[in-house]
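A.B. asks: Chains as they are written, first to last, in this note's numbering: chain A, 1 to 278; chain B, 1 to 383; chain C, 1 to 604.
Worth flagging that the hints you see were computed from the coordinates, not collected in a lab. Computed from a predicted model, the values in this text were never measured in an experiment. Check before you lean on any hint, since a few could be wrong.
As the list claims (entries may be wrong) - FRET-style restraints, in silico, Cβ to Cβ:
1) C:584 <-> A:155: 53 to 63 angstroms
2) A:180 <-> C:106: 49 to 59 angstroms
3) C:42 <-> A:53: 45 to 55 angstroms
4) C:300 <-> A:170: 33 to 43 angstroms
5) B:91 <-> C:313: 11 to 21 angstroms
6) C:300 <-> B:369: 50 to 60 angstroms
7) B:330 <-> A:53: 51 to 61 angstroms
We treat Cβ as the ideally placed atom computed from N, Cα and C, and that holds for glycine.
The residues making up each chain are set out below.
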Amino acid sequence: MLTVALDIVTTAALLFIISSGLLIVFGVMKIINFAHAAFVTVGAYATLVGARLGLPWILVLPLAFVTGAICGALTEAIIVRWLYRRPLDAILATWGLGIVIGQIVTLIFGREVQFVQAPITGTVDLLGVDYSAYRIVMIGAAVIVALVFTTLLNGTRLGLSTRAVIMNEMLAQGLGVDSSRVRLITFAIGSGLAALSGALITPLSSVDPNMGLPWLISAFMLVMVSGGSLMTLAVSSLMLGGLQVIVSTFVNPILGGLTIAICAAIVLRIRPEGFARA
Amino acid sequence: MISRALLVSLALVAASGSALAADPIKIGVPVGLSGANSVVAPSVVQSAELAVDEINAKGGVLGRQLTLDVADDASGAAGAQKAFDALVFQKKVNVLISMETSAARNAGLPIVARGKTPFIYTSFYEGRSCSPYLYVNAWVPEQQVPPIVDYFNKEKKATKYFLIGSDYAFGRGMLSFTKAYVEKTGGKVVGEEYLPMDGSDWTPIISKLKASGADAIITSTAGGAPNVTLTKQLRAAGVSLPYGNLAVDEGTAKSMGADAAGIYISASYVTGIDSPANKKFLAAMSKKFGADLKTPNDLSVPEYEGVYAYKAAVEKAGSTDSQKVLAALSEVSVEGPRGTIRMDKQRHAPLTMYLGQVQSDGSVKVIQSFPNVDPGAQCPPKS
Amino acid sequence: MPEVRQFSQLAPAPLGLSAKWWMVPLAVVIVGSIALAPLVLDTYMVNILIRAFFVAIAAITVDIVWGYCGTLTFGQSAFFGIGVYALAIIFTEYGFGSWQALFAMGTSVVVAAGVGALTGWLSFYPGSTPLYASIVSLVVPIVLVQILYSGGTFTGSSSGLVGFETFDLELESWFRLAGLSLAAVAVVALIIMRSDTGRLLKALRDNDERCSYLGINTSRYRIIVLVLTAIIASLAGFGYAAFGAVAAPENAGFTFGTRLIIMVALGGRGTIIGAIVGALSIEVASAYLSGSLPYVWELIIGIALIAVILAFPDGLLGAVGRLGRGILPSKASATTQLRPVATADTGPAGSEVAMKVTGLGKHFGSLSVLDGVTFEAKRSELLSLVGPNGAGKTTLIRCLSDGRERSTGFVAIAGHAIDRLPPDRVVQFGLGRKFQAASVFETLTVAECLRVARTHRARPSPVSTSTVLELPAAAIAVVERSGLSDRLGEEARNLSHGLKQALELAMVLALEPEVLLLDEPTAGLTRAERQAFADILTSLASRDRLCILLVEHDLDFVREISSRIIVLHQGKIALDGSVQEVVDSSLVREIYTGQQAAACGAEP
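All chains should be modelled from the sequences, with the hints used to inform the complete structure.
C.D. replies: Here it is, written out as structure tokens:
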């Protein structure tokens, strides 16, 4: 029982970390970035490079974040900037970008599956249950991510500008907020976060050019259901992620993979704002 | 004048003769360059390349050089259709020699039949794939499973087995044979779980494993990636039960690093085989590939032997005509790193099997060996 | 006797194709090429093209749903996959034979239609957004693939199904069968898309809300389109599997679905031909190039997609078309006739109540936008609704036209209570609503816009475009007065603001409404246009006996034409009376200027 509970919390943590980048972008710009999966992959490969260079994990994580942020900034400037009025086309264009990034990664690193050693191995004894230490660390990582970005949003000038742009862009512009700079920075941060999550999941899975794709759909659905708030995302990750684990464990792991998508679609049908408050 | 005409005509004859002789024999290699098999595919291609180089250096087959055409089957059915189509109908290869997932193989067989191309399948698999165009020089469950289960029963006193696999023909086929064998030898199967071939999150299955009270695990996943993710996650969850992996090869085990230590495998090839043929093979591979060498393993060595089997069959048949080659394949034998291989048991081959355990440096220590294990009745002739 | 006026426009004749001289030779060439090609092309190419033809059929369905109806759909691959697996499963379980083949085809159609209907019901409901519909279309193939994965040996799971016996045709016969099927689907699709029904679909794409307010049940149309395209896509999948003898989960998945979209985007959405060009090019190029340039080919596709979305939204065909339009002479015009409809006798003058509102309220939690609004309006009344910004005027209009909007109260239009009905039903009671910003169909011509506006009264034909357009006299009057009659063939997006407003009014009048709601109709009009408008409204009220409710800020305009004014303030009716009463009222002055007004000379 405790194992299942831990599975739920750690899975939710993982989903939260991966979705948070997508949420930040969607919340500010109402654009779905389908290249998100590719940024996750970029982060994972950055980790691979870091590991090959012999860097310690303390440096690998920021390396991944920065790589993702740079990719994100470039994406916003070159592609997304022109598509704010055409959100469906933005989905397509970023999907195209995802393909491009995937192929470039393949050209550089090859198609094979690669592996990165976990920084923390072994298990931890929690109340009589041996549980993967690294997965427990994920919970901590998710909390840190949530705290950092909430502080960023609520405690800094940039965060204030961002929230202003989210609420009423024209007014914010009229008050002197450079909304294009806000968008650029937000997209960069969201992408950096995606890359960071890619780096964090490498010890638990493999590194290959298509690794981000299964996460894209779940992240996308969670973001849709969460509206624009990180808090709601945390709650959705816990609820839907938890449901996924329960179905996987007690019914069928294959059907478990479906739970998030189906539940999110149903929730959105009933309440188009999702779990967000009005 | 006469001498000049003679010279010219001699030159012409020589030219046309060499033109005929220069017509290469094409070997098609559809393999999983991407997808689940992408971890092992490079080693398979390397084996094929070495065999082709060696044969060409000695004058080729019937005076003709061999060429290789590699195509990516994406380790799956849809990709295999495209790869086989390209090789059989566009490149018009004379033979297909390759290792692939069962999904890919099954999808390719109808194309092979339509193109009437011989297909030497060099991968171990779940057995019972019977096409008049298909020959197999790798093991089937009847050869591979008993050593592991017998060992666990006897030495590890295992009675409750938990089976984990990838959900496709190979995974299910291997584990259903295993389940039958476990029950036949007095054991019990307390769990049987599958994930799709590209699944990578084994968490709920591992939790079930721990709850089941099993004292041995047997797994049969697709190719490289699922093996690695499963093993990593098992170790991360602290599972240290006797672990028999029916589908891992030495190369993949090496790339798993320390996590792979302790895994039991049953294979028809390990690099540690102490025979002159194997030593010669390993030396040649090192020389050709140097630092880029991918560890030869139970999926790549049969490829090497498969190319030689084809050479022998073509020489015996005297031509590359499909029907003649197919008939000859069951009569020729190859002396390879795995010993003497002859695909004469209903197009499958008796093999020497080795039970080994992966060491912490990734190498495999041989615990027991079983010479000349029969593949059983894989393709009984229809009466 | 009805007068028939003739206007020239670029309208295609019946069957959307007209007696163009090159139709028949083109058909012969196409059929001939399909029949002869297998003899000329090599086996590999024939193989690829057969598969490409079936994929192109699926691409056409994506174009219909996306290019024409405006829903970005990732899910057509799911229907393709249903066809693939219906065949594979039935042939595996029951062997091959004629009853099995019919059973498989029937299963494919029925299951695809069912899943299509379910998907449509989930995606298209009043209030859904295009984004949500896309999301649902994304989820469908994922769910289907997971179901396939969990099906064990029944569906073959990750391996798929192979080895089942299937139709034994020669390669050349397969080619002809696939090629002719594609041609047939393309022809039917072109005919329908060029007909009035096709225009209607484009109208749905351009402006769903306007369609609702023209009495069109947009959800029903979209669901029907989805079900029909699902059936076609499943039959394409059926053919694909019948040829290839392999069923793999990749045939049903999300990646294939996005691949179809890419094909349509690159070829040119909304043209049918574009889908075919895109599908065939990508399938063939992919087969040849992915072997020799594996990574670079996919890279090219990704870059092409981005380039197309950013710079060439119309795809390859659009770019070619733009070139062609520059070079080729414009098409000869055909004529469209506008004919007045004989309107039903409107009955005794005066007394009917056209609009009855009792206790209407709209609340957001504790915030009241409207409260206790009660009034009646009769036919021939021209009623103006005035009030400062934020008084709730547009909200009131919304509550009158959409039964789901109000929180409390009762509304009846032309004697029918609107309950909680959506706008398309309310419009059918006899309501017309004109929006504040001119709400028309940007990519349709003026004549086509008007045709769509008549949908509710006269069903559009699925195979032809009408050359005669019947409109009520009031609509024709607006068309002629505004000068639109000279521009029937022009696309609505090229019209000036004033003309767009006139077009929208004509469209709304085409509904033959009894009640007309107008939201700030004179905003942005010139003086002359405003005068013309005033004349039109007064004649609508007096001659056609419409009940008109007008929200306006231009108080001069209001004073000139209204027979009655309602003043709204902070969600409540402050005053309801004749023009004189309201103009003289000090309360009104107070409301507008926010202070106690001086006794005289206070100009609003």
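A.B. asks: Could you see if the CB distance from residue 42 of chain C to residue 53 of chain A stays within 45 to 55 angstroms?
C.D. replies: 50 angstroms, holds
A.B. asks: Within 51 to 61 angstroms or not, the Cβ separation of residue 330 of chain B and residue 53 of chain A?
C.D. replies: For residue 53 of chain A against residue 330 of chain B, whose Cβ atoms are near 53 angstroms apart, the range 51 to 61 angstroms holds.
A.B. asks: Does the hinted range 11 to 21 angstroms hold for residue 91 of chain B and residue 313 of chain C at CB?
C.D. replies: 39 angstroms, violated
A.B. asks: Starting from the range 53 to 63 angstroms, see whether the pair residue 584 of chain C and residue 155 of chain A falls in it by beta-carbon distance.
C.D. replies: Holds, since residue 584 of chain C and residue 155 of chain A (Cβ atoms, about 58 angstroms apart) stay within the stated range.
A.B. asks: At the C-beta level, are residue 300 of chain C and residue 369 of chain B separated by a distance inside 50 to 60 angstroms?
C.D. replies: 52 angstroms, holds
A.B. asks: Regarding residue 180 of chain A and residue 106 of chain C, is the given constraint of 49 to 59 angstroms on their beta-carbon distance met?
C.D. replies: 56 angstroms, holds
A.B. asks: Return holds or violated for the Cβ distance of residue 300 of chain C and residue 170 of chain A against the range 33 to 43 angstroms.
C.D. replies: 39 angstroms, holds
The structure is inconsistent with hint 5 alone, although it conforms to all the rest.
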